[in-house]
Structure formats: structure tokens, C-alpha cells
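Just so you know, the sequences run in chain order A and B. Each residue of the first sequence is one higher than the one before, counting from 293 in the numbering used here. Each residue of the second sequence is one higher than the one before, counting from 293 in the numbering used here.
The set of hints was computed from the structure by calculation and includes no laboratory data. Any given hint could turn out to be false.
Copies of one chain are not kept apart here, so a pair can be met inside one copy or by any two copies together.
[Stated by the list, open to error] Below are the DSS-like pairs computed for lysine-lysine, each with C-alpha atoms no more than 27 Å apart in a straight line:
#  : residue 1 : residue 2
1  : 510       : 714
2  : 611       : 696
3  : 507       : 419
4  : 419       : 510
5  : 510       : 493
6  : 438       : 480
7  : 375       : 419
8  : 324       : 510
9  : 672       : 607
10 : 507       : 714
11 : 572       : 375
12 : 590       : 375
13 : 326       : 419
14 : 379       : 324
15 : 326       : 510
16 : 611       : 672
17 : 480       : 452
18 : 452       : 493
Remember, it's a predicted structure, so these values are computed and weren't measured experimentally.
Given next are the chains, with one letter for each unit.
2 protein chains.
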Amino acid sequence: MSDSTTNTLSTWVEVPKNSDFTIYNLPFGVFKNKRLSPRTGIAIGDKIVDLSVLDQEGFFSDLFLPEGIFLNEALNELISLGKVQTKKIRERVQDLLLADNEKLRDHSARGKVMVNRKEAEMLLPVKIGDYTDFYSSMEHATNVGKMFRDPENALLPNWKHLPVGYHGRASSIIPSGVPIHRPKGQFKTPDMETPGFGPSKKMDFELELAFITGKSTKLGDSVSTADAEDYIFGFVLFNDWSARDIQAWEYVPLGPFLGKSFASSISPWVVTLEALEYFKTEGPVQEPEVLPYLQCEKAYSFDINLEVYIQPEDKKASKVCQSNFKYMYWNVAQQLAHHTVNGCNINVGDLMASGTISGKTEDSFGSMLELSWNGKNLVKLETGEERTFLEDGDTVIMKGYSEKDGFRVGFGEVKGQLLPAK
Amino acid sequence: MSDSTTNTLSTWVEVPKNSDFTIYNLPFGVFKNKRLSPRTGIAIGDKIVDLSVLDQEGFFSDLFLPEGIFLNEALNELISLGKVQTKKIRERVQDLLLADNEKLRDHSARGKVMVNRKEAEMLLPVKIGDYTDFYSSMEHATNVGKMFRDPENALLPNWKHLPVGYHGRASSIIPSGVPIHRPKGQFKTPDMETPGFGPSKKMDFELELAFITGKSTKLGDSVSTADAEDYIFGFVLFNDWSARDIQAWEYVPLGPFLGKSFASSISPWVVTLEALEYFKTEGPVQEPEVLPYLQCEKAYSFDINLEVYIQPEDKKASKVCQSNFKYMYWNVAQQLAHHTVNGCNINVGDLMASGTISGKTEDSFGSMLELSWNGKNLVKLETGEERTFLEDGDTVIMKGYSEKDGFRVGFGEVKGQLLPAK
Chain A
293 MSDSTTNTLS TWVEVPKNSD FTIYNLPFGV FKNKRLSPRT GIAIGDKIVD LSVLDQEGFF
353 SDLFLPEGIF LNEALNELIS LGKVQTKKIR ERVQDLLLAD NEKLRDHSAR GKVMVNRKEA
413 EMLLPVKIGD YTDFYSSMEH ATNVGKMFRD PENALLPNWK HLPVGYHGRA SSIIPSGVPI
473 HRPKGQFKTP DMETPGFGPS KKMDFELELA FITGKSTKLG DSVSTADAED YIFGFVLFND
533 WSARDIQAWE YVPLGPFLGK SFASSISPWV VTLEALEYFK TEGPVQEPEV LPYLQCEKAY
593 SFDINLEVYI QPEDKKASKV CQSNFKYMYW NVAQQLAHHT VNGCNINVGD LMASGTISGK
653 TEDSFGSMLE LSWNGKNLVK LETGEERTFL EDGDTVIMKG YSEKDGFRVG FGEVKGQLLP
713 AK
Chain B
293 MSDSTTNTLS TWVEVPKNSD FTIYNLPFGV FKNKRLSPRT GIAIGDKIVD LSVLDQEGFF
353 SDLFLPEGIF LNEALNELIS LGKVQTKKIR ERVQDLLLAD NEKLRDHSAR GKVMVNRKEA
413 EMLLPVKIGD YTDFYSSMEH ATNVGKMFRD PENALLPNWK HLPVGYHGRA SSIIPSGVPI
473 HRPKGQFKTP DMETPGFGPS KKMDFELELA FITGKSTKLG DSVSTADAED YIFGFVLFND
533 WSARDIQAWE YVPLGPFLGK SFASSISPWV VTLEALEYFK TEGPVQEPEV LPYLQCEKAY
593 SFDINLEVYI QPEDKKASKV CQSNFKYMYW NVAQQLAHHT VNGCNINVGD LMASGTISGK
653 TEDSFGSMLE LSWNGKNLVK LETGEERTFL EDGDTVIMKG YSEKDGFRVG FGEVKGQLLP
713 AK
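The task is simple: from the sequences and hints, build the whole structure.
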């Protein structure tokens, strides 16, 4: 969505019905193909706008961008130019794609600028500095508490006072499409006298969204909830692959480690905060009242439909979960304010994930752990197969999109296949 | 220590008695001063060997190093050349510094090569990708367990089966000498009905050593204990500043977060694994026997004396702790093998810290939490002052060195002052 207008816009690019990549979206990503080295693109319909070619052709000459800014292997340097510049770039592209704008439409370089999305390989959009995972869905935290702790007091005492989170492993974050191997590790179930070792038997996904920071802070400084938006560049879908048996044995007292650090997958197109502005919505009432540094004057929740599919090898995909980002108890402004209230500095390209996004109904639970209630229930697939946790060969696909008044802005998908243990 | 010899070496450089930076050590660091831009140096006595000048003068010409390799702001690219090359560089410098080697000693550029350490500002030696903190001292884990859990069953069931660890915040790791501000955050003591917010009242240090990885792995691959040394470039002292009240309230169930992420300090000189080889020693017996992937055929413990001093503002420093790295239950080869057994990939410049290094005796506890037994005992300083936790203005200094048969290899120090909350 353009910042200033909700007028209907039309483009000369053919955009399929229900495409996530409308003229209102225009997410940033990094791609390459057989001919082209890594570069920055903006997605529209089934095409990618090659920003490096637009730049070479002089379409950004009045913005005085650093030379080669669109030929980097990640968006960090581009994002570091600041929101004023990245907004101008995105709005320039939007303008050039409008149906009645002939500048690019009738330009001789149009063929070179517009790359087929199908032929492109998408890379990790940013070089991630630090990655933080929150735990901000009350339904998810309650489900986990009921299963593993006290069903009557499922939420821990701190949960409603602060957005609980932990540091995750940045090196193993991979782009959509890269398969992973079932991890090996230690586990110990109550029936075992001593811990065993081997491939995880409880492989899971976690449905999450993550934001990418767009502005750095100095050590010792904090970001207020009111200023948080200045520091958020955009969002991606996030699959926080989890090995529940490894996690259960290792996580006390210092939190998840090897049960998570083998891989996390993200969608390659970074949907900007500006594109999601139109889909902002009120968050849940927070009771008890949160401390002043966590209070927000504006709405920071987003109405983003989320879906998870499991596709057994060579078979059709079945939807196993539909959730929504608006269910989150803690919003992104609160997460960022909390993360920095102690003076922890952030860099451009940090990734902060939401934690599993579960809703109230059983079909909205964002992990197999919850969907199968730790293996007690069978999750039925349309193929007739059943699952408690993931099986080798399964591909997990997550989708996300916002839709309102005929406007649609989506993330595409993050997918990854689970291969057998090495 | 040179790899192949324990012969006594002498150098033409004046090395003060008890200097950590002997001809056997030769640690790598990054420095700058009023005249010089950031560059790689090797410490000897009170001097720094400016490797960039040595390179310009052709002393490394037979090694075919990439141009400008010693003019980077961090050691990552240098370390990435691999151990074969970095060992050759260090051995070349050692050779050039030998008393009877006239090549540098009598060279016209000698004055330009040898920089005064006092006039140099030391920078963070590596750009840290991911930072992991282990919890590998049995005495420390036992002390914490006694204080906060069950004195009769202080160690948790997993502790002797795997090196417990967690991901830490990499962005807030700072070099020695940079002061920090007392962090603000939420805390809730048992007497409080609702959580409060403000500057931490329980500021602490943690005495640790950390290793820096020198070789990367691919996602899905693991490093065995037998191969671990190939992946360890060297060690630094590590002060894992901790806010105990913030940590106590936040850490369940996902581990430490804001109680640690405001800052960690490291010593600037990376002491290579080769330099520490001579000080290897047997580790403690591990009972029960660990799983096969954690078993070691060789000794991987190191006899490194460690000391912590507290220096109140404008007063003299008092030693409050003396410990030793050899007390660690889990060694670095086990930490690395465990970290990667699930396929988690590592990059050059990852930092893996030991966790607080405590010994059996009360004067060897590596944190104020343990020294004051969570505030119950007063820690006496030589100035007549007493401490339970750190006070504003206190500087914490950690030192570390190995000494055997007249050979000494040390880390210098990591120090940092605690300033009042912002």
C-alpha cells in the first residue's frame, strides 16, 4: 500500500488474481539466475523488477544512491541508507509500474528490467547479525504450559509482564527452498534410564513472522514503543524448525539450544512496514496493565492471515493450520522496546521473530506439538496419511497475506523439505 | 610456545619480567593509534609488531598473502586463510624477533614496525558472527543450583550428560576498556506484588574464557572432538556482565536474555591454540561416562590461572577471585562437538565462552553471586570497602596467564568500568 493513498492503483504488469505481489506490496529481495549475479529486486506479479538495471538506466539518478548499491549479495547496505531513501526507491518503482506511466513501460530496457520470478533463485535477503526469537502468542505459551507444566497455571508469572524471548542462532537461518536434514542429538524420555543419541523423533515446525531491523542503535541506548517503527524495515515468514525431544532434554535452565539451532527458514521477500500499514489493527487487551516502557499509544498489530501446509514427498499438500498475526499478545513495538530497554544495541539486519503464532481454535495452532498435543492426537492429511510430528520427505510450506477492501499484500511462501538424518 | 620446541628462546625485544607477552605467546590483535588506521598486530613485551609494515617490507612475500590482509578492522579474513598460513605468519614473527636474527633487528624499518603498546587503542579483534555461552564449570552450576534450586540436588539431570549452553547477544560484545552503563530492566523479588522497573540492583561479572572459531562448517556438518582443534583459532578473556535481578525474573523458560545482553567484554589479544599447547592438562574425570560423540582421546583442558580484581573509582584494585581454566568439567572440544552435532554450522569469528569458571574453594568463585552467596556475605576489599554486588564506578579487571617451567603465556587483561544507569 502506498503510504498516502488507498486509491485503487493499476499497473501495466500482468498480476495474476490472488497474487501476493500486487502494486501495493512491492517487497524487496535478493535474487540471481543463470545469467545474472546476485542483485536487488522488487517483486510484482510473476516478475521481478531488477533494480540494478533501473539504476543503470538512470531511473534513480535524482536519489544519488551509492554506486552498485543494488548489486550487493544482501540488502543491508541498501536498508542502511534509511527509510527516507528506501521509501523513495519503492515509491519510484511503484510509480514506474503504474498503468499510465510510459517511462518504463515503453522503455527499450523494459525486457532487461523485468525478470521472470520462476527463473530466479532467491537468496537470503539480509546478512543477519543477531537473531532473537520471542514467545509472544498467549495461546502458544498456554498450550505449552498445559502440556509440560501445570494445566491450571499454564502461563508462567512473568509472561504477561514482559515479552519473553531468547537469542537464537543466526548462522543457520536459510532461505526458502533449502532442504534440511533431520538433526541428531541427545534426548531422554521418562522411560529411559540414561540419555540416548540419534536422529530426532519429534521434528516440528513453528509458524512465525519475523521483522528485520532497519536502523542501528548505540550500546546503552533504547528504542521507545513510539519510535519502534523507525527501526523496523519489514517482515518475512519464519519457520523455526524444532526438534522437540532434543529441546525437552536440554532446555533447563538456559533455554533452547540444539533443539533449534540446526536450521530456521525464512521467506525471501521482505514486505515493508509501509506495505502493511493499511492492515494494522488493534491488539488484544493487555491485563494486567504493562509497565510504562511497554505501553503503546497506537495499534501495532497486523491482520495477516497465516497458513501451514504439509506436503509428503511426491504427494499433494494439506493445510494443517490457519492462524493470524493479529492474535499475538505482545506486538513488535513492545518487543523492540523491551529488547533495547537494557541498552542492548541493534544493527541493521537483525532478525526478531514472533514465536509460534497460535490462535484459540485447534486448527489455528502453529506447531505439530500443539496440533497433535505432543503426539497424543493424529493430524489427518488430505492424502489419507496421518502425522503426529514430521516425517522424512515432508515439505513444510507457510504462507501469509493480508487482504482488505480488495487490496492484497502477501509474503509468498517459505518452504523447506525435511530430509533423513545424515 | 612454538609448536615443536620447548627450548628457551630469547628475543632482542625488551620483555619485562612477568610480561604475558613473551616470545612464546605472540597473540594477534587489531590496534590503531593517533597516526595509524586499524591494523593487525602481534604483541611482544610492551610493543606491538605492526604486521602491515612487515608485509609492506616484504617479510611475508613467500607466503603470497592477499594484499592488505593486515589492514582490516578485524582478524576474520586473516583467520580464514587457515591455520597453515596463520601459523606460518606467527612463526615468521617469532623467528624475526629471536635475539640472533638480524633481519628485523637491524632493519631500517624496525622503528616503524615496533609500535608502543601504551599508545595503541585495541579494537575488537574479530567481527563476531554468533556468540554462544556455555555453563561448563561444575562448581559454578552447583553453586547456582544450591542457591536457587535444591541444595541436595543442585545439578540438573542433564548437566553431566551434555555441555549446557545458550545463544548470547553478539552485538553488545565490546573490547576491554569500554565502560558500560548499569542496565535498566524489570525485576520482581518475592516481597514485591508486581514487577518493578529501574536500574539493576544486582550487577555482577562472570569470569570466563572464550574461544574464537577459525574454520567454518557447512550446515548439516558436525565437528568431532578429535577434529575440534582444527576449528579453534585462539582464546580471549571474557567478562559476561550480568544483572542478576533482571535475569532471575526473565529467565524461565527460555533462558537468560536482557540480564546479559547489555554488554560482554573481551580481552583484545587472541592467544592462539598453539601458544597454549604446552599448558594442556588432563581434565576432571567425567562420571557417568559421556556419550561417544563427547568422548575425547586427548587432553583438552588448559592450566590457565585466572584472577578477578575490583577497583572502586579512584582507589586501588583488590583481588576478589583466583580460579583456573583447568577446573572446567566440559572442555572446548566437547563444547564444539556438542554445538555442531545437530548440524549447526559455524563461521570464522564465532565466539564460544566457557561459562563462569569457579573452583572448589570460596576464593575461586567466578562471580559476585557466588562470592557473596547472593548478597548474604560481604566481600571485603583491600580499601576497607565491602561489596555484595558491583557498585557504580567499580572497574572489574580480569587477568589470565599460564606458567610452567619458566615459560609464560598470558592474556593481559579485560577491564571495564560500571557507570551509573543512563
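Cross-check of the supplied hints:
no.	hint	in the structure
1	510 with 714	between (42 Å within a copy, 13 Å between copies)
2	611 with 696	within (22 Å within a copy, 65 Å between copies)
3	507 with 419	both (14 Å within a copy, 19 Å between copies)
4	419 with 510	both (19 Å within a copy, 16 Å between copies)
5	510 with 493	between (43 Å within a copy, 23 Å between copies)
6	438 with 480	both (20 Å within a copy, 24 Å between copies)
7	375 with 419	both (18 Å within a copy, 26 Å between copies)
8	324 with 510	between (34 Å within a copy, 21 Å between copies)
9	672 with 607	within (14 Å within a copy, 70 Å between copies)
10	507 with 714	between (39 Å within a copy, 21 Å between copies)
11	572 with 375	within (19 Å within a copy, 53 Å between copies)
12	590 with 375	within (20 Å within a copy, 54 Å between copies)
13	326 with 419	within (22 Å within a copy, 32 Å between copies)
14	379 with 324	within (23 Å within a copy, 38 Å between copies)
15	326 with 510	between (41 Å within a copy, 23 Å between copies)
16	611 with 672	within (10 Å within a copy, 64 Å between copies)
17	480 with 452	between (31 Å within a copy, 13 Å between copies)
18	452 with 493	between (32 Å within a copy, 23 Å between copies)
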